[in-house]
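Residue numbers (my numbering), protein chains in the order written: chain A, 1 to 292; chain B, 1 to 917; chain C, 1 to 223.
Among the clues, some could well be false.
In silico lysine-lysine, DSSO-like type, Cα no more than 27 Å apart, as pairs [said to hold, decoys possible]:
1) C:151 with B:48
2) B:828 with B:548
3) B:828 with A:200
Because the hints were derived from the structure by calculation, they are not lab data.
Each chain, written out:
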Amino acid sequence: MNRFYTVLQTCWDWRAAANFMFGGTGSALMLMIAIASYPETPPLLLGLTALAFIGLGLFMVWLEIGRPWRFIHTYFHPQTSWMTREASAAILLFPIAFVGIVFKIPAMITLAGLLGLLFLYCQARILLASKGIPAWREPTILPLIISTGLVEGTALLLLSLLILDSIQGWALYLLLALLAVRIQSWNKYRKQLTAGKASKQTLSVLSSIHTSTIWLGNVLPLILVAISLMVPSLTVMLVCIASILAVLSGWYMKFTIITRAAQYQGYSLGKLKRGRPTIKPPVRRKPDRFVF
Amino acid sequence: MNAKTAKKPADITKVSTYCYQCVNGPDLLTVEVIDGVATKVEPNFDLKGEHPADGKVCVKPFGLIQKLYNPHRIKRPMKRTNPKKGRNEDPGWVDISWDEALDIVAEKMNAARAKGVQDENGNPRLALTLGGAATPFKYMGSFPALMFAWGPIDQSLGAGGTVKCYHSEHMFGELWHRAFTVLPDTPRCEYIISFGNNIDASGGVTGVRRHADARSRGMKRIQFEPHLSVTGASATEWVPIKAKTDSAVLFSMLHILFYETPIDKLDVPFLKDRTASPYLVGPNGFYLRDPESKKPLLWDNNTNKAVAHDTTGTDPAILGSFTVDNAIEVGADEETWSHQNIEADTGLEKAKQLVADRTPEWAAEISDVPAETIRRITNEYLAHAHIGETEEIDGRVIPFRPVCTVLGKSVNNGWGGYECVWAHTMMQVLMGALEVSGSMLGSTTHLAGDTDWDRSLTVDIGEDGFMSHTFTPTSKEGWNDAPINRHAQDCITPMAGKNMGAQLFGSTTLAWLRLQERAAESWPKPNPPDIWFVYKANPAISFSETDKMGDAMAKFPFIAAFAYTFDETNHYADVLMPEATDLESDQLLRLGGTHYFENHWESEGWALRQAVVPPQHEAKDFSWIANELARRTGLLEAYNSVINGAGCGIPLQGEGYDFSLDVTKEHDQEEIWDAVCKAASFDLTAGKETLGLEWFREHGYKTRPYSRLNWYLYPLIEDKGLRFELPYQERYFRMGKELANRLHETGVHWWDRQLAEYEPLPKWMDLNKLWDELIEKNHNVKAADYPFWLLTGRSMQYAWGANVGIQMMKEVSDNVFGHDGIIINAGKAAELGISDGDEIEVTSPVASTRGIARLRQGVRPDVIIMIAQFGQWKMPFAKDLKRPNLNKLVPMNQDYIDGSGSSIDGTKIYITRVGAA
Amino acid sequence: MTRYVMIADLNRCVGCQTCTAACKHTNDTAPGVMWRKVIDVEWGEYPDVERLFMPVGCQHCADPPCMHVCPSTATGQREDGIVTIDYDLCIGCSYCVVACPYQARYKVDKPHFAYGDTPMESEEIRFDEKRIGVAQKCTFCSDRIDAGVEKGLTPGIDPDATPGCVNACIADALSFGDIEDENSNVSELLAENSWFQMHEELGTETGFYYLYDQEPPEETESE
């Protein structure tokens, strides 16, 4: 593989990263809230917190776009754009969740939870479709983004439950399981991005956060939660620490992937061909169809 | 602020003009003007099929729009109010009117004239310095005519001439084959061996296009060069030769052709009849001559006798040693020896002996080029020479020899230049590949005559069977013992000749050294000029040891700078005058024919540069400035007479036409150029058409066919029964001996090192050893402490003229590696603990400069490269680039000047890491 | 049908940046924006080093990833394959910028000029506010093509119907034409020479071909 000028992308900065960080956390939190409150509805503040996270992420990314007052145009391309789909999920999620939370309608909460999951999925697909950045278009980013979103959402749910003094055991087990999945996703992601698939700089940046991500961000929380299951008196403190570590490490990982490990594909020379090329016609000669 | 939604349709015109920023032009272009604003540059597509590059222009003229509207332009004349001049002195510029500026300048000129146009040392009181290899002359309207009318002018205070040009090639090339510069007959060439010639960066539009076409056709190029340049990138093979060892490889290639190649594989007929190979050399190093006719003798194999060279029906011996009954040798100052039964080698035999020990194995040790590589390349070269083949062009049959060797600038200049130009020309000579189809050609002449658009006009029969060639006299009667210009070209560098531009080819380094009291100790220190005009030149940045340049300029009593923006040289000026720049002024210029590097056309004619918009602010056309000064200095009639002569490119009256101007009246630029257009078109069309300025404004150019046969000197040489003055340099040798006599008679011994170079055949010199000796001798340092060579490389985007202040040039040139720092081998950098982007300091025996390290594989570990010329500290925009300047580090010292007056912009250095990226 | 493609002959290109400058002139791009540029590429290890110059820019892919990700349909594609941007639709989200594997797209957030915040006359008269805050890239000079075709001219042959970079290239390294016409200049060039498309493995089906005669280097990377 030859590649030249594998420079870092600079157009999606910390504001775009914030969308993935807080939006991913908030949407998964919405899902976890829906699960935790089923078949009832969550406390007002908790529900609004999830919406606040999602809203914060969207607001940050809105600050970054060049023509912010044209944001309505974001909805014009559901056929193929995962950004349109993410925005569509959001535009449905907000009113539905708000109504469900304020007017205490359980069916709305369930729907909001599912929309939250959809939102998270769309975020992962947004990155996957970014063909210019090897570290984003890598297929294993899908389980990574989803699993980290779910970890963060679950961790925040636990924190909230601690504050509300109504800890639910299943959530602890869920967090344990999700942390394990996240560890596996991260390792698989890094393994797939070997030399040849991503630039040295990308690999080096990901390497630099590996130890803290794995040990501080996943293994330690996992251990702390496991201990808390065995020593209930320490639950509050340990789960608190574990949750914070789990959320922060997820955010740091996403921030790094978006803003520091996001080197372009670069330019390259290709294998030589001879003779007239087989020409594929421009795809838009056929109408724009829905593709998932 | 939105033209796209403007209600009324815009007035859009396309104006034709040309670019002559570099010697490779002029190239025509069009400028689009919208509602009176110049907006974009495009090629002139009318020239498709006629211009060698189909009417295109290179990247530089695309910067002319920004140059026109640059907010940093000097808008109106200015004068200095702080009498103290110095690097750290603020000149205290204040705006003044043109009247005041011109009055100040004219007052100085009149005062100088009152004292006499030459001072007590005989040096002209008025000096003129232009940059850009004299292309600025063609941006000065009728101003050069004023200079000419003035009287003697010193043009030796150079801005880089004889250091940044192809000096040895100029001197010897013109002597040997009217080649001020050489070039391959690229459209037909098959194999090029280049020692550092960077044509894809330096050869302009026509150079790039011709070589791209040739590559497409399968032409091979072997690029010997210490770094992998732009040209090396597209070459067939890059050979990373050790710096300054080109002569070793060239000599070994000659060795292979002489000693490892059967003689019948060389072009024997060419050697016999078209070169001085058969001329017999006497024991004192001069030709053996017939005692009666004084003609050089050759050995006739038919009659087994020594006969005069022009005897008909001979079969000259080209190699061997022969006994001659009776002959004389004529040495320096007519010293004559008589010989009987004297054994003499042929000139070619002497050349062969010169390279007897110069084997590829020997060259390999010196140059880092493996012997088998040298052999392979030489044999490929030989195989492509097609000896014996011919081509017919316009009814004339000439030999076809599609091989060429070319040299780069730093190979051509300074010590070693003579060896290299001689050796590579001999590579051509042995193949008969000189001035024939496919081979090495000359481009133009400046020394041999003033017809630089048609070198064929300079081929006259001279002595000894060679072309006539004028050197500055070195005989007792003819030699000038009192230098006129400050570099004493007319005294000590006789190869430059006597023509109008001869002083441009003396050693401009020597002029500055003398002003700094660092050379020519037996001569009085010259006074600075009373008036120094500077235009399109920035010697404070571009010459050598630039720290000292500024100090010297600070002592000049009056400097009148034609100023585009503030810069490091006009920082020392007294008056700044903003001239109308490239897109704001008019000039008619010759086009086509053969000119400089690869500008070889099959048509010739004239092109107009015209103002596409009126001059910005208070900039004035040079012709207006010239008129104003002519009036104020009482030179109007003389100045007009020069214009009527050929002062603006062509005489305004001649056979069958008279467009001359009334010498008693002032004529504005419209009138002047209208007259020139008419004269030019009348001459071009042999009287059939008279086309004035208006016609040229509309059409841009006018041409007529020019036969490709004119690209080759061979037919003229053959028709006139002449020989190329190679291999033996008897005339040059004699000239050197006479010059030595003259100098020693007048107590000058400080030029002896240079005099030693006047050998009839150049002995090989270990240049690396020489440089080590010189830096130890002159700077009290240890050579081993300076292990790297600092060399430069051409930037097409920046080369020639003020482009370093143009934002778009920076933007686009940053795509080409290394512009922003110092190129260093990645492995060597790692050894020294230097990472890409680290700040490093580069120190030569005379100065230091800093820049960021740019790591690269394509450069020798013992070489670093600084592209282009930076280091500005005054020029707007450029001064903020904070890039290093090589010139600051290059020692200006007499010992580095070779016999022809040239030196290189390169030096030995060491590197220190300063800080992290 | 018609499908326009561009060809860059890497054996001819000398990296002079004339096309880079010509594009800036033709399309009046802001400082720092180079829809067409030529990169300087090196690989190998001293002394076995290769260097070449590669014109890059929008490849006008038949299957453009930028178009699929665009949320506003600002990025479109003509029947002739030219990938377009409707500046009025674009919200400037830069999604297309990261979706493009050829680093072809730019976004200028604030007006800025060659010598600071004040435009020169030549910048002022051509300034287009529509281009602020939105994506921009090479258009294959579609405005020139369309205007030329209307006059009966042939893109790639007649300068007035040809992209500015192709017109300006001093090495004659760039060619432009209709690849669906098997007798066109570009079709003949591809038939007669070896060539490659960049990042072929990504399935973008570029409308940009590189003529070259050396197999690509193995493992090599530079930033």
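With the threshold set at 27 Å, check whether the alpha-carbon distance from residue 151 of chain C to residue 48 of chain B stays at or below it.
20 Å, holds
Verify the proposed pairing of residue 828 of chain B with residue 200 of chain A, using a straight-line Cα cut of 27 Å.
22 Å, holds
Straight-line alpha-carbon gap residue 828 of chain B to residue 548 of chain B, limit 27 Å:
Distance ~32 Å between residue 828 of chain B and residue 548 of chain B Cα, so the pair is violated.
When each numbered hint is compared with the structure, a violation occurs for hint 2 only.
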